[in-house]
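J.: One-letter residues, chain by chain:
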Amino acid sequence: MKTYNIPILLLLLMGGVILLVLNVNEPKTYVMDVNSNSKYPIKSYHQELQLECKNCHGEGSEEDYEELEDEQCLTCHKSKEYLAQRISFMEKDKTSPHNSYHDGTTLSCYECHHSHEKSVNMCADCHNVETWMKPIK
Amino acid sequence: MEELSRRGFMKWGALATSAIVAVPALNAATLQSDKEIKWDAEYDVIVVGSGLSAHVTSIVTAEAGLKTVMIEKMSRLGGNSIISQQDFAVMGSDLQAKSGIKDSVELYMKDFSAAGKGYNDVRHTRRIAENSNRAYEFARDRGVKYGDKLKHLGGHTVARSLQTLGGGGKAVQALHKHYLSKNGEVLKRVKAEEIIKDNAGKVIGLMVKEKYKFDNKLQADDRENTTGKVKYYRAKKAVVFATGGYSRDKEFRTIQNPTLALIKTPSNRGATAGALKSMIKAGATPVQISLTRFSFGIPTEDLKYSMMVDANTAARITNEDSNRQDLSNIILSHMLTTNTKKYPVLIFDAQGFKNSHDPHRMNKFLKKGKIKQFNTLKELATEYKLPVDKLLEEADTYNKSIAAKKDDKFKKDYSKLNGAAVQKAPYYAIHAAPGLSYTQGGVQVTTKHEVLNIDSNKPIDGLYAVGEATGGVHGFSRITSGSIPDCMTSGIIAGESIVKS
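Sequence order for the protein chains is A and B.
Per our numbering, the very first residue in the first sequence carries number 1; after that it's consecutive.
Per our numbering, the very first residue in the second sequence carries number 1001; after that it's consecutive.
Do not rely on the hints blindly, as some may be mistaken.
[As the list claims (entries may be wrong)] Chain A stretches covered by chain B per the calculated footprint, using a threshold of three residues with CB under 8 Å from any CB of chain B:
| id | region |
| --- | --- |
| 1 | 45–57 |
| 2 | 98–107 |
[To be verified] Computed beta-carbon distance windows for the label pairs:
| id | chain 1 | residue 1 | chain 2 | residue 2 | range |
| --- | --- | --- | --- | --- | --- |
| 3 | B | Arg1123 | A | Pro135 | 50 to 56 Å |
| 4 | A | His116 | B | Ile1101 | 56 to 62 Å |
| 5 | B | Lys1149 | A | Lys94 | 17 to 23 Å |
| 6 | A | Lys54 | B | Lys1385 | 51 to 57 Å |
| 7 | A | His113 | B | Asn1399 | 41 to 47 Å |
| 8 | B | Glu1137 | A | Cys53 | 41 to 47 Å |
| 9 | A | Lys94 | B | Glu1137 | 26 to 32 Å |
| 10 | B | Asp1413 | A | Lys92 | 58 to 64 Å |
[Claimed, not checked] Derived lysine-lysine pairs resembling BS3-like cross-links, with alpha carbons at most 30 Å apart:
| id | chain 1 | residue 1 | chain 2 | residue 2 |
| --- | --- | --- | --- | --- |
| 11 | A | Lys43 | B | Lys1217 |
| 12 | B | Lys1211 | A | Lys43 |
| 13 | A | Lys43 | B | Lys1264 |
| 14 | A | Lys94 | B | Lys1217 |
| 15 | B | Lys1182 | A | Lys78 |
| 16 | A | Lys80 | B | Lys1151 |
| 17 | B | Lys1364 | A | Lys134 |
| 18 | B | Lys1370 | B | Lys1151 |
| 19 | A | Lys137 | B | Lys1149 |
| 20 | A | Lys94 | B | Lys1367 |
| 21 | B | Lys1188 | A | Lys118 |
| 22 | B | Lys1209 | A | Lys92 |
| 23 | A | Lys134 | B | Lys1209 |
| 24 | B | Lys1149 | A | Lys134 |
| 25 | B | Lys1281 | A | Lys92 |
| 26 | A | Lys94 | B | Lys1213 |
| 27 | A | Lys80 | B | Lys1217 |
| 28 | A | Lys54 | B | Lys1211 |
| 29 | A | Lys94 | B | Lys1209 |
| 30 | B | Lys1367 | A | Lys137 |
| 31 | B | Lys1149 | A | Lys94 |
| 32 | A | Lys118 | B | Lys1209 |
| 33 | B | Lys1211 | A | Lys80 |
It should be emphasised that the hints constitute simulated quantities derived from the structure, not laboratory data.
Idealized CB from N, CA, C, for every residue including glycine.
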């Protein structure tokens, strides 16, 4: 018969509970960094990665920065096909925005996602998306 | 734009004392000498737009080995084509043969002309009829998939409409893939601003704005948007406008028809009149700009089973048994004259709802919450903020007149109602909101799709227009599933004309 180290099991269990509670209490609130002094505040999920302007826009002054091309977003976010694959379960209801019923995987990231301002849901222009999508980060 | 005007001004200023200045002001801004311009890019064919018509035209020229570019002002490709269902009326398809359906060019034309009420240019109606099957085979051979059953849609004497599998989205995606495989080029966020002609009046290119950022929040994006970098693209053979309609251009459509101020539209955000204006400035002839086509979402044929009431007074406003154009005009004029922004309410009772010829579509609307269901008329009145007493009274009057088989007020033919009234619960309601789905107006073109000059009534050398951007093709209204054969046949023929030119 196997023996269990009860205190350690208990600790592990408690740890799990604590982690769960922490998770519940600290939902990721993906808001803009309103405290930032920059004219171009970044979203909290990019801030958590401690990204700086130059990481996306390169060296140079803010005035010379240009909006990124999709390809530049994809240097971190892999590929549009990869992003579509991650939510492929939505395809059976034709609701996947990354492999769109209308557009396939051709949509520009900027149709919905904005780094320095509030993101929008392009699909909501015509559809009631509340039943199938959370607000866009 | 400023730069071009200044140059234009200098050029004509220098010639101010000579007789050459007799060029109409309309054309002055577009006249340019070939030598003055430093071209930023050079193509054989520039196609403006990226919907179905643009794709078909571009494929024909790219397959013929011409250096072709498709330019799209939006960051999204496909225009209205990718959000349309794309039912496709074809004369003489293999599916008609398989089902033993007898169809002919004359019958097809008769149906299109009935919708067009004689406003349609029959040369174009014939062009669509005679080439529709060729267009179907063209698309099918290039990856577009169609269902194996024909639809028999409203206004068509026989079943002839193909179902595009996956709708316009899949169709355009398939054609796009094919186009790229033929070395076709595509540029997003490039807006055609002005058509450039040489001194002989031949179209030689476009002034465009690259990195254009369409702004939905602007009242008039074409005029107010200041984004984008001005560039000059040379077109050695042709410029093709495949720029669709202008149903999203509130300012322009309201100038043409004031009842369109409040109308909703399912069209894509980019459907403004800027491209049409560019062609008019280059001398094109505008045709039937005030004609528009409406749809209700739910089948128009089913509206007769309902009672349509004013959203404020709950009084019936018209004979509900009518066609989409007349009903929409009545609703929009009614709203304008009663100074309200609220669409009338359509009320079905249990039997009326059951009578629908397309229950699948009605149930889909119910599931999506666009049609609402109620146990009593009182609940319905509360939800739609209708005066309860007045609604009950109106329903009673309506039911009694149905029982008496006589509609004194609006002369509706009650024999078609199949038991529908406003008396059996549950009740169903939806706003009668006509949607502007198509603009029949556009520029006049020959059957080769050359744009005609308003002065000479002769083709403007090097300028073509296809699809919804053309005018006078469909007339008063466009028959359902009649747009796809127009877009495809015009694209094929324009492409072939350019290749031969």
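J.: Could you run down the list of hints and mark each one as holding or not?
T.: These are the hints, each one checked on the structure:
{"no.": "1", "hint": "45–57", "verdict": "violated (count 0)"}
{"no.": "2", "hint": "98–107", "verdict": "holds (count 7)"}
{"no.": "3", "hint": "B:Arg1123 / A:Pro135: 50 to 56 Å", "verdict": "52 Å, holds"}
{"no.": "4", "hint": "A:His116 / B:Ile1101: 56 to 62 Å", "verdict": "58 Å, holds"}
{"no.": "5", "hint": "B:Lys1149 / A:Lys94: 17 to 23 Å", "verdict": "21 Å, holds"}
{"no.": "6", "hint": "A:Lys54 / B:Lys1385: 51 to 57 Å", "verdict": "56 Å, holds"}
{"no.": "7", "hint": "A:His113 / B:Asn1399: 41 to 47 Å", "verdict": "54 Å, violated"}
{"no.": "8", "hint": "B:Glu1137 / A:Cys53: 41 to 47 Å", "verdict": "54 Å, violated"}
{"no.": "9", "hint": "A:Lys94 / B:Glu1137: 26 to 32 Å", "verdict": "28 Å, holds"}
{"no.": "10", "hint": "B:Asp1413 / A:Lys92: 58 to 64 Å", "verdict": "44 Å, violated"}
{"no.": "11", "hint": "A:Lys43 / B:Lys1217", "verdict": "23 Å, holds"}
{"no.": "12", "hint": "B:Lys1211 / A:Lys43", "verdict": "24 Å, holds"}
{"no.": "13", "hint": "A:Lys43 / B:Lys1264", "verdict": "34 Å, violated"}
{"no.": "14", "hint": "A:Lys94 / B:Lys1217", "verdict": "28 Å, holds"}
{"no.": "15", "hint": "B:Lys1182 / A:Lys78", "verdict": "27 Å, holds"}
{"no.": "16", "hint": "A:Lys80 / B:Lys1151", "verdict": "36 Å, violated"}
{"no.": "17", "hint": "B:Lys1364 / A:Lys134", "verdict": "22 Å, holds"}
{"no.": "18", "hint": "B:Lys1370 / B:Lys1151", "verdict": "25 Å, holds"}
{"no.": "19", "hint": "A:Lys137 / B:Lys1149", "verdict": "43 Å, violated"}
{"no.": "20", "hint": "A:Lys94 / B:Lys1367", "verdict": "16 Å, holds"}
{"no.": "21", "hint": "B:Lys1188 / A:Lys118", "verdict": "23 Å, holds"}
{"no.": "22", "hint": "B:Lys1209 / A:Lys92", "verdict": "39 Å, violated"}
{"no.": "23", "hint": "A:Lys134 / B:Lys1209", "verdict": "35 Å, violated"}
{"no.": "24", "hint": "B:Lys1149 / A:Lys134", "verdict": "38 Å, violated"}
{"no.": "25", "hint": "B:Lys1281 / A:Lys92", "verdict": "47 Å, violated"}
{"no.": "26", "hint": "A:Lys94 / B:Lys1213", "verdict": "28 Å, holds"}
{"no.": "27", "hint": "A:Lys80 / B:Lys1217", "verdict": "28 Å, holds"}
{"no.": "28", "hint": "A:Lys54 / B:Lys1211", "verdict": "22 Å, holds"}
{"no.": "29", "hint": "A:Lys94 / B:Lys1209", "verdict": "34 Å, violated"}
{"no.": "30", "hint": "B:Lys1367 / A:Lys137", "verdict": "28 Å, holds"}
{"no.": "31", "hint": "B:Lys1149 / A:Lys94", "verdict": "22 Å, holds"}
{"no.": "32", "hint": "A:Lys118 / B:Lys1209", "verdict": "26 Å, holds"}
{"no.": "33", "hint": "B:Lys1211 / A:Lys80", "verdict": "21 Å, holds"}
Comparing the model with each numbered hint stated earlier shows that hints 1, 7, 8, 10, 13, 16, 19, 22, 23, 24, 25 and 29 do not hold.
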